[in-house]
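Q: We have chain A already, so just place chains B, C, D, E and F on it with the hints.
Protein chains in written order, with this note's numbering: chain A, 24 to 162; chain B, 24 to 162; chain C, 24 to 162; chain D, 24 to 162; chain E, 24 to 162; chain F, 24 to 162.
Keep in mind that the hints were calculated from the coordinates and are not lab data.
Note that the structure is predicted; figures quoted are calculated from it, not measured.
The C-beta atom is built at its ideal place from N, Cα and C for all residues, glycine as well.
Reference excerpt, derived from the structure (chain B facing chain C, CB under 8 Å, subset only): (1) Pro58; (2) Gly62; (3) Asp64; (4) Asp101; (5) His102; (6) Lys103; (7) Asp104; (8) Thr152.
Stretches of chain D that chain E covers, calculated by requiring three or more beta carbons in the stretch to come under 8 Å of a beta carbon on chain E: (9) 28-35; (10) 52-59; (11) 62-76; (12) 91-104.
Looking from chain E toward chain C, a few residues come up when the C-beta cut is under 10 Å (computed): (13) Ser27; (14) Arg29; (15) Asp76; (16) Thr79; (17) Gly80; (18) Ile82; (19) Asp84; (20) Arg85.
There are 6 protein chains.
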Amino acid sequence: MRLSRRYQFCASHRLHLDSLSGDENRELFGKCNNPYGHGHDYILHVSVAGEVDPETGRIVDRDVLDRIVREDVLPRIDHKDMNAAVPEFRDLNPTTENLAKVIGDWLCAAFRNRLPAGPRLSAIRLEETGRNTFDLSME
Amino acid sequence: MRLSRRYQFCASHRLHLDSLSGDENRELFGKCNNPYGHGHDYILHVSVAGEVDPETGRIVDRDVLDRIVREDVLPRIDHKDMNAAVPEFRDLNPTTENLAKVIGDWLCAAFRNRLPAGPRLSAIRLEETGRNTFDLSME
Amino acid sequence: MRLSRRYQFCASHRLHLDSLSGDENRELFGKCNNPYGHGHDYILHVSVAGEVDPETGRIVDRDVLDRIVREDVLPRIDHKDMNAAVPEFRDLNPTTENLAKVIGDWLCAAFRNRLPAGPRLSAIRLEETGRNTFDLSME
Amino acid sequence: MRLSRRYQFCASHRLHLDSLSGDENRELFGKCNNPYGHGHDYILHVSVAGEVDPETGRIVDRDVLDRIVREDVLPRIDHKDMNAAVPEFRDLNPTTENLAKVIGDWLCAAFRNRLPAGPRLSAIRLEETGRNTFDLSME
Amino acid sequence: MRLSRRYQFCASHRLHLDSLSGDENRELFGKCNNPYGHGHDYILHVSVAGEVDPETGRIVDRDVLDRIVREDVLPRIDHKDMNAAVPEFRDLNPTTENLAKVIGDWLCAAFRNRLPAGPRLSAIRLEETGRNTFDLSME
Amino acid sequence: MRLSRRYQFCASHRLHLDSLSGDENRELFGKCNNPYGHGHDYILHVSVAGEVDPETGRIVDRDVLDRIVREDVLPRIDHKDMNAAVPEFRDLNPTTENLAKVIGDWLCAAFRNRLPAGPRLSAIRLEETGRNTFDLSME
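Just chain A, with the same shape it has in the complex:
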């Protein structure tokens, strides 16, 4: 069985490649290349798979999962400018694909530390603006 729990955060970004000219950047990224950046509200679903504990009736303690996301993920990204304030994007374009991979790495490390014997991180889903959804399998 798999539990998926939903979190929200917002951040801003600007898509831009130094290797391209201004025109090429505008052609490739459109309004996402606007100077100064712009922002989004993201929805993050974290999926945890495992057996249901016969005593508590739960796959994972919601408090532990919330602490992982609220302490090891959200403070690094929520209400931040990704280009300027998130070190992982110093040399990486902050597309939602790359954001999903970065969050996946943060969650993997946090699960190893806090739930070494526990249920496993199964997948993450990142929704951007209600039109695009990104699914990343972690298994």
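A: Then chains B, C, D, E and F, alone, in the frame of chain A:
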């Protein structure tokens, strides 16, 4: 191809383990351990997989699927207090994980009876309060 | 201008009038009269009207509004059995109409205490199960 | 990683089999057999799987994907009467199952033409009226 | 206090004025002028205002309201082609504005018959395709 | 009758008052004061009131309304950093309250130019992050 059809019901529950003290129960289950219980609206998605019938153009007759859910599932749980009025939870903590397993068992039996040669029950998804979603594969 | 802010809680209830027979109660309230009660997830929108502060650019400080709802409203109802654990419903049927009026009274008192000179409580909206919405004007 | 992008269209249809009598058609298809037809708003999710391009940070160029859907899919179905104006349904009942298969064929051909070396069409999901969702794996 | 209750139906229509040429119709109504018509899923919210009954705790009996909508409104429009099968649109363009007015008339008459002394019909809201919402005050 | 039409845009902002110290800004605006700013997806509902044209059956031509919003509103704000790239916020804190007033001014001017005799701008609603909704009456 897979068809997922959506149903709703509401029920109340209280999470509590007799093997624990009052303090331990409150620590483990938080507000879900409040005396007298509390309630939720659940959304149930039933997924059916199979071939599309070349004549009718359908995987499964919606009326048959609706009868299975409306006669074999919803009357056992809808507008009920799970702890007091659902026999399956006499010795089982009514978490949403366990509720998904109980509904999965009810649906399996109903599919065997009513659709023995028909499309197969592929998965169920149970949404609790918009924040937590449980996926149970039945294949 | 009016700001409406969204909160969630869950609770259980049973609709029943002692003045009616069992059959009359079942006829009048249907499944909502089931013994032991059942529960719902409610969405509460609190609307505040007033002038935009020329300095802060806000109608109301979100933290103050959140404290009003989280300290003066939610602890009295969230994860509770209304019939058994909320004194206001000792002699009042816990329909959503009556729940809206009770929450309106709690909010009125809290606004008088905490925002005596501030923006006014304009309206509350209570959504029950996605099908029924109750609007109560407070002006 | 997989990106799913969301599109909308509306169309009308009537479910009817010439091989059945009027009564049998009404019994099998219910209100969907009403003469003259009726309509729906459909939501189409197109899922694309592949590697994240190390330079652009994207799985697929959104503009290319949008052109595929807006030029090769939507003009054939959006604001159309499926029975009368979509050749694929001349001898095929326009159920949502069959509509999903027809759209899957259109997308497959478009991906072969426009993205021969690119990311692959992974799945399509078609939502009908918020109650029924159809998933068709293309891999 | 006001209760708004939510219903759904689907229908198809074609927007066309005989007084205009084919080009003028296409210019004015765009894809909505496609021959054969196309369809939508509509969401109807019926708002009822009145006092809360001190005994039952309700503004209106949900069963009475449901019977009004399910017997006096939905059978005339649900799963229908408005141009061909709804007499009110014989000489009236079936835009959503006009559909709202027609439904408003049906509801007014039904409230006069079935709830002559009861709560009043306060407003209707009709949502078309998630992008356009029509509000019609009945007071 | 009133038609409300829905638009979306994204933008980033940072809430900050030069007249306050760093600590006071953090105390007043919380995470919204983070350096470099952050972003949101906003939903804008534009409500237009008037009579239904007896010939076309419409309150307002959707194309005219769309042109107003897409030419006179969205290019000034969509995918922009409000603090840096929107002149109206040079000396005005870019809260959603102030954003609603600025958009209201833009729409008023556009309605005067493009629909001088037509239906009137009735209200705007701005949704921020699904939790806060701002209603501004324009009548």
